[in-house]
Structure formats: C-alpha cells, structure tokens
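A.B. asks: Once you've looked at the hints, dock chain R against the given chain S.
2 protein chains.
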Amino acid sequence: MATSAPQPAHDHTIRDTETGGLSADEFKAAFRQHPSGIAVITADAGSGPVAMTASSVFSVSADPPVLVFSVSAMSSAAPTILTADTLVVNMLSADNLDLALLGAKSGVDRFADTTLWDRLDTGEPYFVNASVWIRGRVVDRMLIGDSTVVAVHALNSSVPNDVATAQPLVYHNRTWYRLGPESRITT
Amino acid sequence: MATSAPQPAHDHTIRDTETGGLSADEFKAAFRQHPSGIAVITADAGSGPVAMTASSVFSVSADPPVLVFSVSAMSSAAPTILTADTLVVNMLSADNLDLALLGAKSGVDRFADTTLWDRLDTGEPYFVNASVWIRGRVVDRMLIGDSTVVAVHALNSSVPNDVATAQPLVYHNRTWYRLGPESRITT
Numbered sequence: 001m002a003t004s005a006p007q008p009a010h011d012h013t014i015r016d017t018e019t020g021g022l023s024a025d026e027f028k029a030a031f032r033q034h035p036s037g038i039a040v041i042t043a044d045a046g047s048g049p050v051a052m053t054a055s056s057v058f059s060v061s062a063d064p065p066v067l068v069f070s071v072s073a074m075s076s077a078a079p080t081i082l083t084a085d086t087l088v089v090n091m092l093s094a095d096n097l098d099l100a101l102l103g104a105k106s107g108v109d110r111f112a113d114t115t116l117w118d119r120l121d122t123g124e125p126y127f128v129n130a131s132v133w134i135r136g137r138v139v140d141r142m143l144i145g146d147s148t149v150v151a152v153h154a155l156n157s158s159v160p161n162d163v164a165t166a167q168p169l170v171y172h173n174r175t176w177y178r179l180g181p182e183s184r185i186t187t
Numbered sequence: 188m189a190t191s192a193p194q195p196a197h198d199h200t201i202r203d204t205e206t207g208g209l210s211a212d213e214f215k216a217a218f219r220q221h222p223s224g225i226a227v228i229t230a231d232a233g234s235g236p237v238a239m240t241a242s243s244v245f246s247v248s249a250d251p252p253v254l255v256f257s258v259s260a261m262s263s264a265a266p267t268i269l270t271a272d273t274l275v276v277n278m279l280s281a282d283n284l285d286l287a288l289l290g291a292k293s294g295v296d297r298f299a300d301t302t303l304w305d306r307l308d309t310g311e312p313y314f315v316n317a318s319v320w321i322r323g324r325v326v327d328r329m330l331i332g333d334s335t336v337v338a339v340h341a342l343n344s345s346v347p348n349d350v351a352t353a354q355p356l357v358y359h360n361r362t363w364y365r366l367g368p369e370s371r372i373t374t
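Respectively, the protein sequence lines represent chains S and R.
The numbering used here puts the first sequence at residues 1 to 187.
The numbering used here puts the second sequence at residues 188 to 374.
Looking at chain S on its own, in the form it has when it is part of the complex (with noise of 0.2 Å):
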C-alpha cells in the first residue's frame, strides 16, 4: 500500500521510497548513528571451529534467559552458526578490541593463535580472555532476507568478579569507543 511522504523534522535529510524502502545506503547511514556493544559468536558444529564478531547481540527475555544476534549468509561463519545446536556469546570489553578485529577479519584461521582460545568441556570454542561469555542452545530462528536472526536460551556464563571496573567496547558510525567513567551521564 503507497501512503503519503511523512513530514519533514527540523534540520534532517528526510529519505521517503515508500514503494520498496529505504536503499541500503540510506538504511545503513541511519544505523551509523545507533551505538552497540560487540560480541564474538563461536560454535563448531563438527567441521571445526568458528568465529563471528556481531554487533546485534540483545537480550529478549531474562525469564526464561534468551538472547538474539543475526547472522549474515555472507559471513564465513554462517554454515556452522546456522546448523550448531549450541554456541557461544563471547562478549567483549574495550580490552578484547582485538578479539573483534580478528572475528571481522576476512580470509585469515580465526584460531591459528591457539593461546587466544580454548573449548568448554562441552566442547564449544570459546576466547578464554573475553569480558563474558555466555553459553546456550539455539531455540528459533527467523530468516530476514539473506539474515536469519537465532534465539539462544542461555545455559551457563562466566562474568567478571571485578564487573563495576570493566569498561566495554562499543562501536559507533564506523569507530571504536571505550565506555569509561568519563562518559558517564549525571541524572
């Protein structure tokens, strides 16, 4: 159904293509301003080890405790995130900015340095320096386009004992940031 072009705000650029939406220029350049911690997936659905660094993680539900992220058919990781019954959520703090370079990284073996990782004793790779990790069992999907987004009821986790001093990464309009006292709104 065609509706009629939304009203201009103050001071925007306003994108109307009702037909078909917006293009994905338009699309991405409004999400360059929408910030988001990052996270590594990992899982091995038998053919070895894989990691994805994904910006999509959230949690749904905490009772019962599911997450979502989506995973692109474009990414490397995709065949085994998307048949793995269970996987891992490494979430990463301002300290691990490498860990998600490397899980963003095209054409390199995510785990050729295998001091960076270990498997759970029920045998999911997981970055042994990652702030959090989160383990649990994919429970639905839902496939968008060439995205499918995974539902993940979250099974065991580790969290620092030190958690009120980490300070988490975040990724914004194409950059890193680390989110330090510093940042922090008085209300």
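Treat the hints as calculated values from the structure; they're not laboratory data.
Quick reminder that beta carbons are idealized off the backbone N, C-alpha and C, glycines included.
No false leads were slipped in.
If you anchor each label on the Cβ, the simulated ranges turn out as follows:
1) S:G123 - R:D333: 28 to 34 Å
2) R:G233 - S:D98: 48 to 54 Å
3) S:A24 - R:L288: 29 to 35 Å
4) R:S210 - S:V128: 20 to 26 Å
5) R:D333 - S:T83: 24 to 30 Å
6) R:S263 - S:I185: 21 to 27 Å
7) S:T115 - R:V315: 50 to 56 Å
8) S:S23 - R:T270: 24 to 30 Å
9) S:G145 - R:N348: 24 to 30 Å
10) S:G123 - R:T301: 55 to 61 Å
11) S:T122 - R:G233: 46 to 52 Å
12) R:D333 - S:D98: 35 to 41 Å
C.D. replies: Positioned in the frame of chain S, the structure of chain R alone reads:
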C-alpha cells in the same frame, strides 16, 4: 540433554545451571556488561499513541532494509506495538535522555507534553527532537517467552545533516552514557 559443566575461565564466576538455563538474575548480570544504543518505539494502532524505550534495536539486513527490536508483554505499550502495521523507531542522542526516561516511566501519559511529539503525514506519532527516526512496516514477529522480537521493514528515515557531531546515548550497567570523542579508541 544434560551435559557437563564448562571449565572455568580466569577470575570469573561460572554459572552452571544446564537443566533450566541461567536464572533471571544470572542472565541480567551477564547482560549488564553489554552496552546498547537506545531508541523509543512509537506507534498508534487506532487507540491512541504509545511510546516505549528500547535497548534492543539492531539492523538485521540492509538490503532489504530490516531492523528488529523486542517488546515485553509487561510493557504498557505492548498491545499497540504488537498490533500496529507501521511504527517509528526514534533513535536517541545523549541530548535526548529526557525521551529515554519518559518512554521508560510507568503510570504517566507519555504524550502529555504536546511540544515533544507530532504525527507523520502517514499518522504515526514520533518525537520531533529524536536524533534519527526510521518509519517502518512490521513484517514478522517471533514470540520468545513473554517477549516478542518484531521485524520492521524500513520505509522512511530522517537523519541529521550534522551527523558527525551527534553524540549518541548509551545504556550500560544501569547507567546512562554520552558517547563523545574522548572515548574513541585509536587503532
């Protein structure tokens, strides 16, 4: 299926409750380490405007342009958001903290201040000072426990022209942050 416990990482508290998964408190403790951008979802399915602050918005696919967010059945806005055909995702900058607090506050009329919001020509309510907004059509829903992951096809957007200077709002460990240049990591 019960499996053995994962091995401990260094200086971490391991939560292991394989049978039922993590408790709500354990799950929340892990996600306190995962920062997020903030948006307010606005919609009107015919019974008046609603608004809901969300820390769960992410881009799934740029082509087609699709985003997702989650809504808890506990939210007063849920009945409208889950029946609306179209809605607006208002992405917030640090200067929009008042909107984030408004959309999260219980028992108030979130539209009492008529200077804060307006309607698009297509009818949806939106907050006129939001840093960025995207109007879209709901194309899919995934029910998880008492929450629903909503997939939205982006139709229109409004992005500030002075985009490079915007400082987004970030929520982390129950605290608000302003993501400014002082937090940038030089790689």
